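Given chain A, work out where chain B should sit, using these hints.
Each chain is listed here by its residues.
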Amino acid sequence: MGRAQYTIRRILQAVPVLLGVAAITYFLMEAMPGDPVSIMLGPSPSAAQAEAIRAKYGLNRPVWVRFLNYLIDAVRLDLGQSIYYKVPVTRKIAERLPVTLLLLASSFTFAILTAVPLGIISAKRRNKPTDHVSRVVALLGVSTPSFWIGLMLIIVFAYRLDVLPATNLILPWAPVGSVDGADSRVDVLAAAGRHLLLPTLSLGTLQMAALTRIERSSMLEVLGQEYVKLARAYGVSEFTILRKHAFRNAQLPLITLLGLQLTSAIGGAVLTETVFSINGMGRLIITAINNQDFALVTGTTLVFGFVFVVGVIVTDLSYAYVDPRVTFEEAE
Amino acid sequence: MATTPDIENEPSPDREFNEEPAAEQPKARVGWQYTLSQVRRDPTAMSGLVVIGVATLVAVVSFVDGVLFAYLAGFGAFASLGVEQYAIAEALWVSPIAETGAPILRPPAFLTNELYPGEPGTLAHPLGTDHRGRDLLVRLFYGTRIAITVGIVSTGLAMVLGMVVGSVAGYYGGLVDDALMRGAETLYAIPFLVLVIVFMVAFGRNLTFAMIGVGVATIPTFARLIRSRVLSVREEEYVDAARAAGVRDRNIIMRHVIPNSFAPVLVQATLQVGVSILIVAGLSFLGYGAQPPTPSWGQMLSNSRDYMLPNPWFSIWPGLAILATVVGFNLLGDGLRDALDPRINN
Numbered sequence: 001m002g003r004a005q006y007t008i009r010r011i012l013q014a015v016p017v018l019l020g021v022a023a024i025t026y027f028l029m030e031a032m033p034g035d036p037v038s039i040m041l042g043p044s045p046s047a048a049q050a051e052a053i054r055a056k057y058g059l060n061r062p063v064w065v066r067f068l069n070y071l072i073d074a075v076r077l078d079l080g081q082s083i084y085y086k087v088p089v090t091r092k093i094a095e096r097l098p099v100t101l102l103l104l105a106s107s108f109t110f111a112i113l114t115a116v117p118l119g120i121i122s123a124k125r126r127n128k129p130t131d132h133v134s135r136v137v138a139l140l141g142v143s144t145p146s147f148w149i150g151l152m153l154i155i156v157f158a159y160r161l162d163v164l165p166a167t168n169l170i171l172p173w174a175p176v177g178s179v180d181g182a183d184s185r186v187d188v189l190a191a192a193g194r195h196l197l198l199p200t201l202s203l204g205t206l207q208m209a210a211l212t213r214i215e216r217s218s219m220l221e222v223l224g225q226e227y228v229k230l231a232r233a234y235g236v237s238e239f240t241i242l243r244k245h246a247f248r249n250a251q252l253p254l255i256t257l258l259g260l261q262l263t264s265a266i267g268g269a270v271l272t273e274t275v276f277s278i279n280g281m282g283r284l285i286i287t288a289i290n291n292q293d294f295a296l297v298t299g300t301t302l303v304f305g306f307v308f309v310v311g312v313i314v315t316d317l318s319y320a321y322v323d324p325r326v327t328f329e330e331a332e
Numbered sequence: 001m002a003t004t005p006d007i008e009n010e011p012s013p014d015r016e017f018n019e020e021p022a023a024e025q026p027k028a029r030v031g032w033q034y035t036l037s038q039v040r041r042d043p044t045a046m047s048g049l050v051v052i053g054v055a056t057l058v059a060v061v062s063f064v065d066g067v068l069f070a071y072l073a074g075f076g077a078f079a080s081l082g083v084e085q086y087a088i089a090e091a092l093w094v095s096p097i098a099e100t101g102a103p104i105l106r107p108p109a110f111l112t113n114e115l116y117p118g119e120p121g122t123l124a125h126p127l128g129t130d131h132r133g134r135d136l137l138v139r140l141f142y143g144t145r146i147a148i149t150v151g152i153v154s155t156g157l158a159m160v161l162g163m164v165v166g167s168v169a170g171y172y173g174g175l176v177d178d179a180l181m182r183g184a185e186t187l188y189a190i191p192f193l194v195l196v197i198v199f200m201v202a203f204g205r206n207l208t209f210a211m212i213g214v215g216v217a218t219i220p221t222f223a224r225l226i227r228s229r230v231l232s233v234r235e236e237e238y239v240d241a242a243r244a245a246g247v248r249d250r251n252i253i254m255r256h257v258i259p260n261s262f263a264p265v266l267v268q269a270t271l272q273v274g275v276s277i278l279i280v281a282g283l284s285f286l287g288y289g290a291q292p293p294t295p296s297w298g299q300m301l302s303n304s305r306d307y308m309l310p311n312p313w314f315s316i317w318p319g320l321a322i323l324a325t326v327v328g329f330n331l332l333g334d335g336l337r338d339a340l341d342p343r344i345n346n
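Protein sequence lines correspond, in order, to chains A and B.
Position 314 (the first sequence) corresponds to 314 in the working numbering; numbering is contiguous.
Position 108 (the second sequence) corresponds to 108 in the working numbering; numbering is contiguous.
Extracted from the complex, chain A is given alone in its bound form (with noise of 0.2 Å):
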């Protein structure tokens, strides 16, 4: 099987997740009290009006009728009214996943140029003070609450040494005459650049102690294989051998980590977004939730299942570029 036809099956393995995700939130949401058309209107509002509003919504019609409804709309980007915010649920979600992406990738690059270089001289000094200083790091950052590193470095950063911002994200995007101070687009990438650290810390804190984690034990596998012992033998240098023999090896299960941790990623990204009070994904979700916005909560949602989803394609494809072995005929 090509490459291709495995991407196709792939994609087209996501559709049931995908439409697990919608069903399961549809129906949670389903049997959450209250109902939608008192929130429109207060809280006794006259027959008629009620009935209207069910009307407009299609809230008079069989649950199953309108969750088929939801999908079809949802297959053509239409993903229902807000009613908290009176807009497509779309143009919401347009709007703040470039946010939540923005944090996500920088999170991640934080946590992977970290992770990898300490995950290797951990292994390679297994059992060495360096190994020792990089796990016990490691074991902090994954037993640490994220929004707990975030209250921290707001309280060092921000309010005692006053060097770095905790609110206002600036976009890397915004327009340049936005932005208090910048005169240009370096200007407002610089400024974009300092008001995303702390939050870049806080989420990516944990990302990096799980990575770093996997990536020293892998190391220490690959690097205990014969043709390891077997290229020292004949007197290749230790760096050629962890460049050459070992690094490429080693980052198959650092790979597929990575994929896996995007979910939690996710969910880390609506602490670290409440901290930071980021107008993201994460904080719309929790607007929407505490605001019963039907709609909006389940767009959202599916949002994030899709892009769990094409996180763990795009891993599942990168094993290829890593490892030439890996060939798409045993692949699931």
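FYI, nobody ran anything at the bench for these hints, they're computed from the structure.
Be careful, since some hints might not be right.
Okay, derived cross-link-like pairs now, SDA-like style, lysine to any residue, Cα gap no bigger than 25 Å in a straight line [unchecked claim]:
#, chain 1, residue 1, chain 2, residue 2
1, A, LYS128, B, PHE262
2, A, LYS128, B, ASN206
3, A, LYS128, A, LEU197
4, A, LYS128, B, VAL39
5, A, LYS124, B, ASP338
6, A, LYS244, A, LEU230
7, A, LYS128, B, ILE152
8, A, LYS124, B, ASP42
9, A, LYS128, B, SER62
10, A, LYS124, B, ARG40
11, A, LYS128, B, ASP42
12, A, LYS128, B, PRO43
13, A, LYS124, B, ASP334
14, A, LYS128, B, ASP334
15, A, LYS128, B, ARG40
16, A, LYS128, B, MET46
17, A, LYS128, B, THR122
18, A, LYS56, A, GLN13
19, A, LYS124, B, THR44
Residues from chain A shown here face chain B by an in silico Cβ test under 7 Å; the list is partial [stated by the list, open to error]:
#, residue
20, TYR227
21, LEU271
22, PHE304
23, GLY305
Remember, it's a predicted structure, so these values are computed and weren't measured experimentally.
Using N, Cα and C, we set each Cβ at its ideal position, and we do this for glycine too.
Same frame as chain A, now just chain B:
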């Protein structure tokens, strides 16, 4: 080693002719006794166990303290010792929820903060007070109860359900497997926190549904683990033998598959308790957990957000409590993995 404890511990018929001392008999690598003996040798696991032990003790004491102090008080009356013992009992017991009129946002003992410059905290409130003058140490103490209960109950639920789903999926394969595993994948595709919050909004915004929600959302983790074990154990010859001997599927799963999955499940469960504690802290931080005035660590952190400038300690302590507890479970989990994984052992 894929053997069951029953077979391994069976006395060998020619034991009396065997010159070798009994201690060299290979020990079964499954079961509680083996696990405990390995844990005792592993300093990492032991330190984790100590942390968990302390946290559990605190949790248990905070469960019974009301009864305990009432008993002390009652005891004083019965012994006709007058009000003295009652007074001692009352003086000792500090309610985690009552506002006692103590100064708010006090710093910890011997330290100062911006609200009280030149007026360091005292031992009356060793960790300081919160925004309502409640003692932070006492509230932290009571928060342990929620963290430990939620972590263990939700993990236990996920473990049992995950074992059922995973063993059925792995053993029967085919359509059953596909359906169950797609279901697990679907649950996994929704961010954990979002899934649990939506679940709680639908069924009830309280701690019980937080535990059930976290448990249900964790099922895929255990289901996958058990399924992969089942797939490998299913191919073992002794399972074929059992099947040929007419042992029923259910018994094969119960007697061979589950015992052989003991080590990885135990490791995963230990680590998962820590993860669940982190998630529930996050839920409480967002207001979906124990409802006020019941103290929980996440909720304390949420309250502290407005007072990070005047009294940063209010934010520091609950986080450290979470950190310490979760580190305990991670140490134990890591230690167990090292102790129980034969690959690392050898």
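>> Check whether the Cα positions of LYS128 (chain A) and LEU197 (chain A) lie no farther apart than 25 Å.
In response: Roughly 31 Å separates the two Cα atoms, so the pair is violated.
> LYS128 (chain A) and THR122 (chain B): Cα distance at most 25 Å?
Replying inline: violated, 43 Å
>> So if I understand the rule, the pair passes when the alpha-carbon distance is 25 Å or less; does LYS128 (chain A) with SER62 (chain B) pass?
In response: violated, 42 Å
> If you draw a straight line from the CA of LYS124 (chain A) to the CA of ASP334 (chain B), is it 25 Å or shorter?
Replying inline: holds, 20 Å
> Between LYS124 (chain A) and ARG40 (chain B), does the CA-CA distance stay at or below 25 Å?
Replying inline: The hint is violated at about 29 Å.
>> Hinted pair, alpha-carbon criterion (25 Å max): LYS56 (chain A), GLN13 (chain A). Please report holds or violated.
In response: Violated, at roughly 35 Å.
>> Check the hint pairing LYS244 (chain A) with LEU230 (chain A) against an upper bound of 25 Å on the C-alpha distance.
In response: holds, 13 Å
> Should the interface hint for PHE304 (chain A) be scored as holding, given a Cβ-Cβ cut-off of 7 Å against chain B?
Replying inline: This interface hint holds because 5 Å falls under the 7 Å limit.
>> Under 7 Å is the threshold here; is the Cβ of GLY305 (chain A) close enough to any Cβ of chain B for the hint to stand?
In response: holds, 4 Å
> When the nearest CB of chain B is found for TYR227 (chain A), is that gap smaller than 7 Å?
Replying inline: violated, 18 Å
>> For a C-alpha distance cap of 25 Å, please report whether LYS124 (chain A) and ASP42 (chain B) respect it.
In response: holds, 23 Å
> When the nearest CB of chain B is found for LEU271 (chain A), is that gap smaller than 7 Å?
Replying inline: holds, 5 Å
Against the hints set out earlier in the document, violations occur for numbers 1, 2, 3, 7, 9, 10, 17, 18 and 20.
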